[in-house]
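Letter by letter, the chains look like this.
4 protein chains.
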Amino acid sequence: MMTKSLKLAIIGGGSSYTPELVEGVLKRLDILPVTEMHFVDIEAGKEKLEIIEGLTRRMVEKAGANIEIKASLDRRAAIANADFVMTQFRVGGLQARANDERIPIKYDVIGQETTGPGGFAKALRTIPVILDICKDIEELAPNAWMLNFTNPAGLVTEAIQKYTQVKSIGLCNVPVSMQMMIAEMMACPPEKLSLECIGLNHLVWAHRAWVDGQDVTAEVLKKVGDGQNFSMNNIFEEPWDPDFLNALGAIPCPYHRYFYQVDAMLAEEKESARDGGTRAEQVMKTEAELFELYRDEELAEKPKQLEMRGGAYYSDASLNLVDAIYNDRKTIHVINVANNGTISSLPDEAVIECSAVVGSWGVRPLAVGKLSPAITGLIHQVKAYEQLAIEAAVEGSYNKAFMALSSNPLVPDITRAKAILDDILRTNHDYLPNFA
Amino acid sequence: MMTKSLKLAIIGGGSSYTPELVEGVLKRLDILPVTEMHFVDIEAGKEKLEIIEGLTRRMVEKAGANIEIKASLDRRAAIANADFVMTQFRVGGLQARANDERIPIKYDVIGQETTGPGGFAKALRTIPVILDICKDIEELAPNAWMLNFTNPAGLVTEAIQKYTQVKSIGLCNVPVSMQMMIAEMMACPPEKLSLECIGLNHLVWAHRAWVDGQDVTAEVLKKVGDGQNFSMNNIFEEPWDPDFLNALGAIPCPYHRYFYQVDAMLAEEKESARDGGTRAEQVMKTEAELFELYRDEELAEKPKQLEMRGGAYYSDASLNLVDAIYNDRKTIHVINVANNGTISSLPDEAVIECSAVVGSWGVRPLAVGKLSPAITGLIHQVKAYEQLAIEAAVEGSYNKAFMALSSNPLVPDITRAKAILDDILRTNHDYLPNFA
Amino acid sequence: MMTKSLKLAIIGGGSSYTPELVEGVLKRLDILPVTEMHFVDIEAGKEKLEIIEGLTRRMVEKAGANIEIKASLDRRAAIANADFVMTQFRVGGLQARANDERIPIKYDVIGQETTGPGGFAKALRTIPVILDICKDIEELAPNAWMLNFTNPAGLVTEAIQKYTQVKSIGLCNVPVSMQMMIAEMMACPPEKLSLECIGLNHLVWAHRAWVDGQDVTAEVLKKVGDGQNFSMNNIFEEPWDPDFLNALGAIPCPYHRYFYQVDAMLAEEKESARDGGTRAEQVMKTEAELFELYRDEELAEKPKQLEMRGGAYYSDASLNLVDAIYNDRKTIHVINVANNGTISSLPDEAVIECSAVVGSWGVRPLAVGKLSPAITGLIHQVKAYEQLAIEAAVEGSYNKAFMALSSNPLVPDITRAKAILDDILRTNHDYLPNFA
Amino acid sequence: MMTKSLKLAIIGGGSSYTPELVEGVLKRLDILPVTEMHFVDIEAGKEKLEIIEGLTRRMVEKAGANIEIKASLDRRAAIANADFVMTQFRVGGLQARANDERIPIKYDVIGQETTGPGGFAKALRTIPVILDICKDIEELAPNAWMLNFTNPAGLVTEAIQKYTQVKSIGLCNVPVSMQMMIAEMMACPPEKLSLECIGLNHLVWAHRAWVDGQDVTAEVLKKVGDGQNFSMNNIFEEPWDPDFLNALGAIPCPYHRYFYQVDAMLAEEKESARDGGTRAEQVMKTEAELFELYRDEELAEKPKQLEMRGGAYYSDASLNLVDAIYNDRKTIHVINVANNGTISSLPDEAVIECSAVVGSWGVRPLAVGKLSPAITGLIHQVKAYEQLAIEAAVEGSYNKAFMALSSNPLVPDITRAKAILDDILRTNHDYLPNFA
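Residue numbers (full-length UniProt numbering), protein chains in the order written: chain A, 1 to 436; chain B, 1 to 436; chain C, 1 to 436; chain D, 1 to 436.
The set of hints was computed from the structure by calculation and includes no laboratory data. Incorrect hints may appear among the rest.
Remember, identical chains collapse to one label, so a pair may be satisfied in a single copy or spanning two.
[To be verified] Here are the simulated BS3-like cross-link-like pairs (lysine-lysine), alpha carbons at most 27 Å apart as the crow flies:
#1 Lys135 to Lys70
#2 Lys167 to Lys192
#3 Lys27 to Lys48
#4 Lys418 to Lys62
#5 Lys27 to Lys370
#6 Lys223 to Lys162
#7 Lys222 to Lys418
#8 Lys285 to Lys418
#9 Lys223 to Lys418
#10 Lys222 to Lys48
#11 Lys192 to Lys4
#12 Lys330 to Lys370
#13 Lys4 to Lys48
#14 Lys48 to Lys192
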């Protein structure tokens, strides 16, 4: 990278996570010469954006850093000449997420933000918007790297890579959280632990784990089966059956509970929806409280309470990636990237989540070859759903949308698939112009 | 083929289907010089075997054919020097099948003879026995072709091809039944209809249909969606949603209802189990009646009542295959055969069900290449289950059995998978020495 | 096929082969209701075209057939509403072929019409013209089948399939000639012999041969090694080393001599070029004599002398294909078709030459899977050359042309590759507008 | 890695290169706790081994290092409990290499130590010996890493991985030499240059080059075409045609001259063989001089003259690999490793040379996906040759040996292939017991 100063554009900058990102930038000033951060949001998020602008300006000032903070509704200005574009927006806001969670459980189907019908609805809303953003990047910052955090990150990244020329990497905090939790279990520093991660976004397995070159996979599986902490604070921590982990022979991610432990997870969701509210409804409260804190003109740092919000390590995951690219680190990151033969039975253009080396020249996944049948069936099933969902979103095709939901392993029956699809299309009508 | 006379060995010869097979042989005497049919069965089936022996001898005599009918419990004698070995046995008899149907529905899971946990239990019981038979064939009739009708035919054929040197073809009456039903729908002679069939056994789609070179796929889908007959008499005829067929763009087989229309099929199964008995329990009655008829010393032909039994076209499907091999017909048949690149994302050794050319030199599938995502997810999911189930059966591995059931798309949850597995292992204890 | 009458358009109809094609049509009037044959050619071939028109009209009349013979320079009129379009033209005529043969041998490299630098030059001249023809077919006869005989048939067919929507099949008389010669060797009727043919055009092997279901591959190899006739009358019959055939384990086609027996073939070519003239120069004489015969107003049948011309079985090969499509025969033909997984290590869109089933719905290759390393290296090398040559021809790219020739296994050195390329471009200047 | 001290076993320890390896170990004492180096050789090399033992003991002593130097003819003692086993032996010594160089040029074919028929002969001699060594490692040091330098390194490593359980990595100094030479061309420190290396051993291309994240591939190709130094001191530096480099679009390795510039390289070889002696014959002199120096009891360091010998960077390449494994560096090295989908059209078990990440858990190649046709043809052709050569060596099969040589792109004709093969088998009779 030749530039001596870095401009970051953050789409959806009014997010409550933003202070964590700024904190991460401030921690890395010696290695990342960030001189401009441009937060952009839409009209509906204007108030939050202004609160974020104030807080992050105070943070920068307190740190004595030479970073210009900009906040605007002008996406094109934010993108122009950016070195990195980060996306963390949510079409329809938390209310749309609450719908994504509530609609499926009406039909006795998992209602979750990123997997199952909920993730599907989110994909339909998000993909057209992100492709629009990419057009701006192609025009205004063709050399920029786009780091996509927007969920469902795998689907969205695949859409970007299939339909645009933008250099993009999909990013998720699940793999880094697994790294941290397993390191804690094994009582070793995180950098001593190596994980071979392969799968799809929110469907990633650590196929093997090593500490100091010793294969500790069986030990980790035993600890997970014994009930050691292995969840993230937005997923209900249903315990894992030790026999199942043993049979699987790979370390599932927390989201795998939705695929393997359907009964318990659905029961818990229905109970939550009835009692305390769905996860989105809980987050609405947290968010309101956070923004109340952020308003405080005395506050000039990320408040502790943000950690309860759920996006642990997002800031580190993304800024370590910026570091790897900018400083040509050639370090291993778990990211979402086009398959290109990494998993031999999947198409080249399918986006997978896997361990990859990142340097100034981009991303190269570590080759995997054949996967065990315990893994390959589920990956293919979910990838087929994803391909159909992307095409449905881009083409506004009812047929492909119906087939996508019918192919989703969390939707057990086509009659329910159709009822859920019709409900989603009705409820999200305003956010789905392609389906009008 | 150099031989001028043909010996057929039929393992499980005491089956109620046998008269249909003999009728088929008698119809083809001008093209197939069968001179010996050796029916073999086990001690428990001795009485039925003797009834079959009597009836088929009378049939041969009436036809004035020069065929020696043998019936014995001596499998090795039956196999020795056979030109074709046909398998149609059922380990554990109809009672085991009734268990296969009843156990899963206790856990709100599809209970079916060949798919889901029922088919899995049948595979565990059957595979070790069939591999044993293959050892005899390798020794006593190494040039024989084995035509395997034994369900689950895809799984069993894959086991044979992976673990033995026997030349085998898996066979099912579903594709030929689809050919007949669609031809009837289109009001054309069956030979004018061409179907491009690809999938797995009991999970096969007709991807395209032509009459006289015209693509009639959409028309067929419309007729099936309009409720024209498209079921077989052992599968409940739940109507297909026309929108779904349209979205799928391929003609599903009758068994696909268990995968796509889970709710309705399960509801019907539970009702039947409560009221009239499961399918196996109904068949027990039919069988008793059939054998009562067969005993009749006056009877010298296949009685009409056999057609209600469910195995339509089995005799034609298998004897047409014998004809294609013996007479080097190079005709297209839908059979179960090792993939070898036919579907490019599946392993070479995976057995698939597809259109293939059959001649005296054996079988060659018609290449397919990439499948649409609407198909590929389900195929991979079921094939992964099948691979695990085969290994579980051969190795007696609890882990692989657990993982197999957990990977089966009809089993929605690992907790239920485990409960069902334990129930299956307990109930089938006597037939599963590998798991002792 | 719904049409009750067939129109054939023959591009390059002024060829000396045309009477054989007409003879073939006349032999098949009971199964192919041909009512129109439209021969089209270019200005330079006008005289020959008129001679052909006269002779073929007399042939039709003598046979009492109801076929309208048309001959014109109006390609669009010929193509409009045709059921089959057959191409058999030669850009630059026999003089261009003579150049193709003479240029390489100046550099001690095989000079041959369809392989090596000669075939490359022919591809550069032919591909732009054939893509132009395809545009007419797309517009004027979108349902027509195009049967491409134009060499290099594999390359040309791949170009058609990559760059147009035309339904096309590439066709060559080599496989059918192998079938005839091997049947003669084995003293059996051709229809009793089954060959498993796989490879590329003019680089096709019969991997196995069966007579009556018995594998006779070793026996055929022995006979070929013992010197039994296994050549075609345009290829020098250099004897095969029996040890090599044994090591190869597959039956090479006559053209394989150019790849395996380079030294002897090159020596013979140089001698011929010095003494009797290259193959093209010999053919020029034969052609002149043939057209002298054709002029004879008394002649109303294909003269015997045509057989020496070299294209044995072309008429049968193509009309049997027309029959298979029109009458939905579902018979096996060896044709050039997109790979689609047939050979698993080649790209889906690579055109291969292989055994395939042909019916009214089109063509489906017989799956092959993995090839032995004795075969796979050469196939990949030649296919890489072909891909580069096609792109060079379409794009007029010097770089790709240079890389294509450098990748051709008959060109041993890049310095010679460049010299030959420059010579080809200079000599063919008038026929290569893309390279102007 | 748990061990706190490292034992290195060096098979072929009497090599003149050994002092460089010891120098490398002494430079890395702070990161690699080597406490024992055991050099082993065969009876014929005893004198050289003793000279090496003396010199390296003096080197260790001078450095004040705590390393036990052992030298013996007892291979099993050397291997027992080794952490790393390094192989650098030469079956038949330099005389065998001289034969490898002289035999092919008798037939106007490239005579080279590692490619073409010379490399083939070396593979036949070496593979049985290395598989024998692997049996000892499996028994006596099952956790050891084997670093194989023995040429032809790709072939030999593939044999090890196919036929043994030993953890092995094949290693070559070509990629590191390319890194050094290109960095010098670009006037940047080597660590600033990133190369994407993919191919086979001695047939590896740098597909892209970056300095500081800028793609400089075209610039490097231009410099190489302009005649900047890009050779190694055992390969004749025939200049590259700039147009060819441009067409190729990838940076060839020095050995590619044997494949692309056959005429010039062969001419130079014939001239050398006639005048100064083949490369082996020159090396014999250098070796004699080196050992004369090594004998000197005053010498306690690697003499400068060793650098002329030809194995530049071997010591660094291998010890950096030891470091990456022992210290879990997760750094990128270009090594020989099983493909496992890295290049999607090659078999999983084919050993390729490519950029890979190396850590304490082993090696993981960086995924590549599809290669351009300019590359893929040659790779497949050479890999097919390699597969056949390995099987020939292991099975002692004349047929496979004949087919291997016939498939080698440097052998243009099967008649010459056979003559060369027979010459090789005769000349190497004593070293090829499998072919006796």
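Status of Lys62 relative to Lys418 across identical chains (alpha carbons, at most 27 Å): Neither, since 54 Å and 57 Å both go past 27 Å.
Within, between, both or neither, where Lys135 and Lys70 count as close if Cα-Cα is 27 Å or less: So Lys135 and Lys70 pass the 27 Å test inside one copy only (22 Å; across, 55 Å).
Alpha-carbon proximity context of Lys223 and Lys162, limit 27 Å: neither (40 Å within a copy, 36 Å between copies)
Intra/inter-copy verdict for Lys330 and Lys370 if alpha-carbon distance must be at most 27 Å: Answer is both: 25 Å inside a copy and 22 Å across each meet the 27 Å cutoff.
Up to 27 Å CA-CA - Lys48 versus Lys222, copy category: neither (44 Å within a copy, 53 Å between copies)
Within, between, both or neither, where Lys4 and Lys48 count as close if Cα-Cα is 27 Å or less: neither (31 Å within a copy, 56 Å between copies)
Within, between, both or neither, where Lys222 and Lys418 count as close if Cα-Cα is 27 Å or less: between (41 Å within a copy, 18 Å between copies)
Identical-chain pair category, Lys48 with Lys192, by Cα at 27 Å: neither (40 Å within a copy, 43 Å between copies)
Alpha-carbon proximity between Lys285 and Lys418, which holds within one copy, between copies, both or neither at 27 Å: Close neither inside one copy (32 Å) nor across copies (39 Å); limit 27 Å.
Same-copy or cross-copy closeness of Lys167 to Lys192 [CA-CA at most 27 Å]: between (31 Å within a copy, 22 Å between copies)
Lys27 and Lys370: within-copy, between-copy, both or neither at 27 Å Cα: neither (40 Å within a copy, 40 Å between copies)
Alpha-carbon proximity between Lys223 and Lys418, which holds within one copy, between copies, both or neither at 27 Å: between (41 Å within a copy, 20 Å between copies)
Hints 4, 5, 6, 8, 10, 13, 14 from the list above are not met by this structure, while the remaining hints are.
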